[in-house]
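Build the full structure now, drawing on both the sequences and the hints.
Top to bottom, those sequences are chains S and C.
Under the working numbering, think of the first position of the first sequence as 1399, with each following residue one higher.
Under the working numbering, think of the first position of the second sequence as -16, with each following residue one higher.
There's no promise every hint is true.
[Unchecked claim] If we take Cβ atoms under 10 Å as the criterion, some of the chain C residues that face chain S in the derived model are:
#1 12
#2 62
#3 107
#4 113
Hint data in this document are derived by calculation from the structure and do not stem from the laboratory.
C-beta atoms are modelled at their ideal positions from N, C-alpha and C, and glycine is treated no differently.
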Amino acid sequence: MTEPLGKDLLGLEPLSAEQIRLILDTAEPFKEVSERAIKKVPTLRGKTIVNLFFESSTRTRISFEFAEKRLSADTVNVAAVGSSVSKGETLVDTARNLEAMRIDMVVIRHGASGAARFLAERIQSNVINAGDGTHEHPTQGLLDLLTIRDKLGHVRGRKVCICGDILHSRVARSNIWGLLKLGAEVAVCGPYSLLPRGIEDLGVTIFRRIEEAIEWADVLNVLRLQLERMNAGFIPSLREYYRVFGVTQERLERAPRELVILHPGPMNRGVEIDSRVADGPHSVILHQVTNGVAVRMAVLYLLTGGRPEQAEAAKRGREGGE
Amino acid sequence: MTGALERSALLDAPAIARAIDRISSDIVTFAGAAGRLVLVGIQRRGVELADRIGARIRDRHAVEVEHGALDITLYRDDLNEIGPRPVIGETRLPRTLDGRMVVIVDDVLFTGRTIRAALDQIADFGRPARIGLAVLIDRGGRELPIQADIVGERVTAGPHDRVDVLLEEVDGRDAVELVRRAPA
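Okay, structure coming up:
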């Protein structure tokens, strides 16, 4: 029996391979829910979920909101701009005030690494990390795993190279943990200035040249070059980056096998990825977006309910039940 | 709640086969001109039963039936108390249920809560002309005003007993067993 997920989803690092597989397996039936004429099931009816976004986000916030609504939860979006957060309220005060309104779950995105855990330890509600600083973005990692599994049948033994700005990327970290736990071979490729020190200690191969990565890999997960990093002098110029590390049509044509191309979005076309690749037959970028809703539905479903004391009471009442 | 479990046989394989024969012909009668019949099995063993019944109806009665499967987990009324069920089965229904004659198939009818959930779920897929319910075993103990239209076998089981339906496709053999907890 797989260990339940517990109260919160803060990252993939603390999860076991079985728990990750449980989430992916649970996402499968939720894909079908989104194909129905009435894209809604009553599972989370009466639950209130707050989407607390201290950083801007379109895709992730909308994806969570669809997932919540398709499970019949009531949702409130709080953006840092225009809320009392901009008046200097602390994270804990904001959350405690929300909790005083009897909410059940908080989905949080925050610029500080560890913000989700900090919050989870201080409130009763379930907390889902929707990206904290450069730490983790677990639902993105999960949807990438689900997409790889969809396209290649399984994750174990597949060679996945994460390309670009690994240093600042929570997507990279969640991917590395998830992929390693499910038995994939993981590599990273990017400018030395954008690779975290000691990353090879995790069991990750480093490629200095994108051509080598393409020759080796089954899957490329091409990360967004965070343009705001440009000013900090991590790379000489965008054009230089594209010339050396860009995932281009020409480079892919020389690959020994067909690659699956992932990108978490938003894309910088002509910086980390060629438009012809992004829109080409190997790109599964939109499939990732579709899977994102299913994975988030699975996480919401698995985290809700199941409080141990209620389970005990229910078991006593239902001995010999169906 | 400890104590040994006592298993006793209620139906053997031939008895199950006879029950499925009866259910099949009862469904044909119930449905009338059943050109628009849809059998919807409830995950997990209801799906296998619906497959067997459908095959029997096609062979014996030369009536075409469509199949569907329903997993009602997401429509349960007790997710809060028992926590989520990890494994959700497939839900697969014909493109439209509007105007169809739907017969829900399940292995055991007990409290009626599963069927309540199934009715809610079917309503989200369309508006059938009529919905019926066929079960292999009715063990009594209803908590809702829900009754089966077609019953393979009625058995008496106490509120703390369990009725296990075992099917070849899932369990490797056909049997219906009563599982009773011996007084500790």
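Hinted contact residue 62 of chain C with chain S - closest CB pair below 10 Å: Holds. Min distance 5 Å.
Interface hint check: residue 12 of chain C, Cβ to nearest Cβ on chain S, cutoff 10 Å. Holds or violated? Cβ of residue 12 of chain C sits 28 Å from chain S, so the hint is violated.
Chain S contact restraint on residue 113 of chain C - CB to CB distance below 10 Å: violated, 21 Å
Interface hint for residue 107 of chain C, Cβ within 10 Å of any Cβ on chain S: holds, 5 Å
Hints 1 and 4, counting from the list given before, are not met by this structure.
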